[in-house]
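In order, the protein sequences belong to chains A and B. Residue numbers are given in the working numbering: position 41 of the first sequence equals residue 42, and the series is strictly consecutive. Residue numbers are given in the working numbering: position 169 of the second sequence equals residue 210, and the series is strictly consecutive.
If you are wondering where the hints come from, they were derived from the structure by calculation, not from laboratory data. One thing to keep in mind: the hints can contain errors.
[What the hints assert, rightly or not] Computed list of lysine to any residue pairs in SDA-like fashion (alpha-carbon distance at most 25 Å, straight line):
1) B:K145 - B:Q84
2) B:K79 - B:V93
3) A:K171 - B:Q87
4) B:K233 - A:Q124
5) B:K120 - A:E158
6) A:K117 - A:P133
7) B:K119 - A:D137
8) A:K159 - A:L100
These are the residues of each chain, in order.
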Amino acid sequence: MVTYCDMVDIVPSIYRPQLETSLVRLQGTGAEDVKPEFANILTLPRGRLQSSGTSLAAVDFPVPQRGSESVVIDIEELMEWLARRVRIESLDSMGKYLLQFTELLDVIPQAVEAAKKHFPEAQLVMDVYQDPEIDDSYLVLYIRLKHYDDSVIERLEKAEAEFLNQLVNKRGWIQLTTDFRDP
Amino acid sequence: MGKKYAKPPIVEAVCEFRLTPETRWDLTVPGLLYERLKGSFPQKEQRMIREVEFIQGPEGLKQQIRTSERIMLFTEDKKMLVQVGPRLLAINVLKPYPHWEGFKPRIEMAWQSLQAAIEVQGLERIGLRYINHIELPAQSVELAEYFEFYLSVGQRLPQQMVSFLAGAEFSYADDRDHCRVQLTPIPGSGGKSLFMLDIDYFLARPRAVEVVDALAWVEEAHDRVKEVFEGCITDKLREMFEEVL
Chain A
2 MVTYCDMVDI VPSIYRPQLE TSLVRLQGTG AEDVKPEFAN ILTLPRGRLQ SSGTSLAAVD
62 FPVPQRGSES VVIDIEELME WLARRVRIES LDSMGKYLLQ FTELLDVIPQ AVEAAKKHFP
122 EAQLVMDVYQ DPEIDDSYLV LYIRLKHYDD SVIERLEKAE AEFLNQLVNK RGWIQLTTDF
182 RDP
Chain B
42 MGKKYAKPPI VEAVCEFRLT PETRWDLTVP GLLYERLKGS FPQKEQRMIR EVEFIQGPEG
102 LKQQIRTSER IMLFTEDKKM LVQVGPRLLA INVLKPYPHW EGFKPRIEMA WQSLQAAIEV
162 QGLERIGLRY INHIELPAQS VELAEYFEFY LSVGQRLPQQ MVSFLAGAEF SYADDRDHCR
222 VQLTPIPGSG GKSLFMLDID YFLARPRAVE VVDALAWVEE AHDRVKEVFE GCITDKLREM
282 FEEVL
């Protein structure tokens, strides 16, 4: 009898690296800043069956093998990529937001990379901010540090400058900021 | 006539036409298409699409990343869109699925608009893809209760899997067409399991379908996709999707 269960740790050794980004972690409970040594089965390009004999090594960017025409798959691939770098507060809200603002799919990796470059020590947290007073929402990428010093604001500005021009003429927004919380 | 469900698990359906390189294409084509489609698809967006291609060369496998611009035309409610890229036309519908009666006219409209804008010389690929998200009410489930397409492992292997990817490619129409089916768990929430069943029916032999027959191919592909979908699930899932009689 074959069962599917995400709470078991007995897996064939070939799949052992999957535990680095298990389903439980992908549910947004634990940010994973460390890339797994091998590709998680969930991060493999969806089209991999098309090209037998190709390497299954992870592509370090959410890039489909053939240009994906599926918006849903593009979003899922981005979320899987993000899950290895950023703590996502609500997968569901993120998914819904990205379905509304698909142009941001191109900008988010740049924002994350910029944040990681200027705050290599930080925990990154992504959430959808819903304005309580007006019908407006946008993505927020928080940096969380163990110690906050005077350089934080300047570094935030430098990081933001690396992707801000990509948001011009696009619907949707991603805000890089900090909530001054501990990681 | 196939089954119809009140709660279909379809989160996206995509119909894609890729044209042969002889078809002349320039930067004005997306604009021409927008003029014809803006009544139904008024919202225009733009994305840079990055594709990775694996090339087997004498020194081994090489990875090449290409970037191309894609125009995306959305309906007002953003539940349907047309994508236009170099020699590419794709029509997407998102959840809630408008059923074939709602999807097919959009495919026809977009395809006919493209043909009115340019002279299509040939078809490299046509595809009809359905992506289903199937939510099951427990974190641990027995796949065989819900699916007739799943990964079966021998008794000497651990019987509980943390993850898997079950996939197969089936041949149709004397190998002119293929249908790739993949089932994999995806992150769910609230103590439930979520699975993605991806059914991608496509023209496996480039140029095997004439331009004039493209829409007939799509209709046939839809019939095959329905058969495959029904072949992948059990009655237990049919009950959950609530068949409309």
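Would the hint linking K145 of chain B and Q84 of chain B be met if the CA-CA limit is 25 Å? Holds, at about 20 Å.
Please work out if K119 of chain B and D137 of chain A have their alpha carbons no farther apart than 25 Å. Distance ~17 Å between K119 of chain B and D137 of chain A Cα, so the pair holds.
What's the verdict on K233 of chain B and Q124 of chain A, does the C-alpha distance respect the 25 Å limit or exceed it? violated, 28 Å
Just to be careful, I want the Cα atoms of K79 of chain B and V93 of chain B compared with a cutoff of 25 Å; is the pair within it? violated, 31 Å
Is the hinted pair K171 of chain A and Q87 of chain B satisfied, with a Cα-Cα distance of at most 25 Å? holds, 8 Å
Going straight from one Cα to the other, do K120 of chain B and E158 of chain A come out at no more than 25 Å? violated, 36 Å
Does K159 of chain A pair with L100 of chain A here, judged by a C-alpha cut-off of 25 Å? Violated - the C-alpha atoms of L100 of chain A and K159 of chain A are around 29 Å apart, more than 25 Å.
Straight-line alpha-carbon gap K117 of chain A to P133 of chain A, limit 25 Å: violated, 29 Å
Of the hints listed earlier, those the structure fails to meet are numbers 2, 4, 5, 6 and 8, in rising order.
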